[in-house]
Amino acid sequence: MSEMRRTGVPASITLAQGIIESGNGKSRLAVEGNNHFGIKCHNDWTGPTIRHHDDRRNECFRKYRNAEESFMDHSDFLRNTPRYRFLFDLDPTDYKGWAKGLKRAGYATNSDYDGMIIRKIEEYGLYEFDRLVISGNSRKPDKTLRNGKAADQPAVTGNEYGRMKSEREITDADNRVKEKNRIKYIIVNEGDTKASIEKEQNLLRWELSRYNELPENFEVTPGQILYLQPKRNKAEFGKEYHVVAEGETMYSISQLYGIKVEKLYIMNRMDKGTEPEAGTKLWLRRIRPVY
Numbered sequence: 688m689s690e691m692r693r694t695g696v697p698a699s700i701t702l703a704q705g706i707i708e709s710g711n712g713k714s715r716l717a718v719e720g721n722n723h724f725g726i727k728c729h730n731d732w733t734g735p736t737i738r739h740h741d742d743r744r745n746e747c748f749r750k751y752r753n754a755e756e757s758f759m760d761h762s763d764f765l766r767n768t769p770r771y772r773f774l775f776d777l778d779p780t781d782y783k784g785w786a787k788g789l790k791r792a793g794y795a796t797n798s799d800y801d802g803m804i805i806r807k808i809e810e811y812g813l814y815e816f817d818r819l820v821i822s823g824n825s826r827k828p829d830k831t832l833r834n835g836k837a838a839d840q841p842a843v844t845g846n847e848y849g850r851m852k853s854e855r856e857i858t859d860a861d862n863r864v865k866e867k868n869r870i871k872y873i874i875v876n877e878g879d880t881k882a883s884i885e886k887e888q889n890l891l892r893w894e895l896s897r898y899n900e901l902p903e904n905f906e907v908t909p910g911q912i913l914y915l916q917p918k919r920n921k922a923e924f925g926k927e928y929h930v931v932a933e934g935e936t937m938y939s940i941s942q943l944y945g946i947k948v949e950k951l952y953i954m955n956r957m958d959k960g961t962e963p964e965a966g967t968k969l970w971l972r973r974i975r976p977v978y
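So for the sequence shown, our numbering puts the first residue at 688; every next one is plus one.
It is worth saying that the hints were derived from the structure and are not from the lab. Do not take every clue at face value.
[As the list claims (entries may be wrong)] With a straight-line cut-off of 16 Å between C-alpha atoms, the simulated EDC-like cross-links for lysine to aspartate or glutamate are: (1) K871 / E894; (2) K947 / E900; (3) K865 / E887; (4) K926 / E866; (5) K787 / D801; (6) K787 / D776; (7) K881 / E906; (8) K881 / E903; (9) K783 / E815; (10) K787 / D799.
[To be verified] Quick list of simulated restraints, FRET-style, between CB atoms: (11) E877 / P976: 39 to 47 Å; (12) R772 / T736: 23 to 31 Å; (13) T908 / R869: 20 to 28 Å; (14) S689 / Q911: 23 to 31 Å; (15) E746 / N711: 20 to 28 Å.
Note that the Cβ used here is the ideal one computed from N, Cα and C, for glycine as well.
Could you build the full structure based on these sequences and the hints that come with them?
The structure is reproduced here in structure tokens:
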């Protein structure tokens, strides 16, 4: 459930994929490499690896120190890989939409991959975890079992989802967590430190610096925006451009809209490290047109 709060990947999807991809935690990749989701190395992986026969012989897979790292990397992999980006526009309780989307995006080659996920979720009642996260409840679901399996539960209605969402927003407000561009963030208060924020928000030591594109041991300042999840490649719908004010930088603008600095440079055809002059119109959702 913590990964759903951190990144927005439905807990039911994470659990079902983990069960399927790891063979209930008994696969070689899971046992020897702590890789519970069958994530291959790809071009950007710099960590330890494990070789395993899959679609081809002796393929490179990611290896982790523990299962927690595997679960976190799975969430970040979905969140940061372009072909899965559309999934985060879905209702967080739409596990069927997520399952079909994962298949369409090519997560696995099995033609029934979406069906496998949906059956696991419904077999074990894993959708209950999604409902608990949305309602702001951290307890585990009641184990109402029938023949060793979770009993059927009624679907979440539109009205119920709206009520749960309101409850979540109230809880988040109490915890000073806000949301921008579908990314959770906070505003630094007087007396905050990087360590105190990490403890309060249940973050690992590297997360704040990575998500906010800052040095590992940066110092926080009151009024600063700090994202609790990875920034996106473009601004939210309706935020097409920004007119630069005096004193603003590419980094401060990237924080204002929740956009990765690198993507902001690319969209505006600017060399990395240069800064815009006041009055410049910066594009936030697409590459600047050439007139």
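### Query
Which of the listed hints are broken here?
As far as the earlier hints go, not one is violated by this structure.
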